[in-house]
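> Each chain, letter by letter, is given below.
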Amino acid sequence: MIKILAACGAGVNSSHQIKAALETELAKRGYQVSCDAVMIKDINQEMLAKYDIFAQIANTDLGFPIEIPVVDAGAILYRIPAMAEPVYQQMEAAIHSLQKK
Amino acid sequence: MTVRTSIFSPETIYFSNKNTQQQVFEDVYLDLLKKDLVTPDFLNNLLAREKKYPTGLSLAPIDASLPNIAIPHTESEFVKATRIVPIKLQAPLLFHNMINLDEELPVSFLFLILNQNGFEQTGLLAEIMDFINGTDRASLLEFFQYENTQEIYYFLEKNFKGEMSHD
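Residue numbers (the numbering used here), protein chains in the order written: chain H, 579 to 679; chain L, 1422 to 1588.
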């Protein structure tokens, strides 16, 4: 199981849209993933260490180095498949880099 | 029994001729507070969040002729209702792009999201984008030019597919 962390300012609207899209689409592509959605301000190193991939909406300064693959997932918010596709491809590449499929 | 309820109210659609984000948010906040839809802390939280986690969104990837929007929102603890509050700006104001923080976008329409139920109502942003993607361009361009809150309300009632339900 690949664990993804999505984050936005309130931890509700944007990050949950990304969570839903990633879980649905990556499952269709044969990956076992679970995605949590949280507020950016709640992320710390200990929390991030429990995840395999960080899905950010924009470049995010968490105040500490991010040591897991980071995927820019903001384009998913447009709800346009052609815009979301590169995000899914980056996510697949990140999953392959983990060699955990 | 499930009752379907609109996510918009004609009483919470606004026009603003203010010149700054803060002035726009203050005006709308005062009316929302009077209607008991937000808490007294709503404004400060909204301003702080917009500064740190901006919500401007370019609609150019959808259609270059569409105006840019913003979707300001706060955490659920500062709101007492779940609805989308449309705000038409008479003159565009600059908002930072939520996807590219360094970019400033001229924004002329806000969909202020009040989300009282937190995780139970996480699809509001998706519903706004589905409304924009699913409405024909000519009608949408006309909608963004409306100068009357009733026109905005009726258009959204007719074209916005998202609804919330109460048991």
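Careful, some of the hints might be misleading.
Stretch-level coverage of chain L by chain H, calculated; a stretch enters the list once three of its residues show a Cβ under 8 Å from a Cβ in chain H [unchecked claim]:
| # | segment |
| --- | --- |
| 1 | 1434-1447 |
| 2 | 1516-1524 |
| 3 | 1549-1562 |
If you are wondering where the hints come from, they were derived from the structure by calculation, not from laboratory data.
As the structure is a prediction and not an experimental result, all values here were calculated from the model.
Think of the CB as a built atom: it goes at the ideal place given N, C-alpha and C, for glycine as much as any other residue.
> Would you mind marking each hint as holding or not holding in the structure?
Verification of the hints:
no. : hint      : verdict
1   : 1434-1447 : violated (count 0)
2   : 1516-1524 : holds (count 5)
3   : 1549-1562 : holds (count 3)
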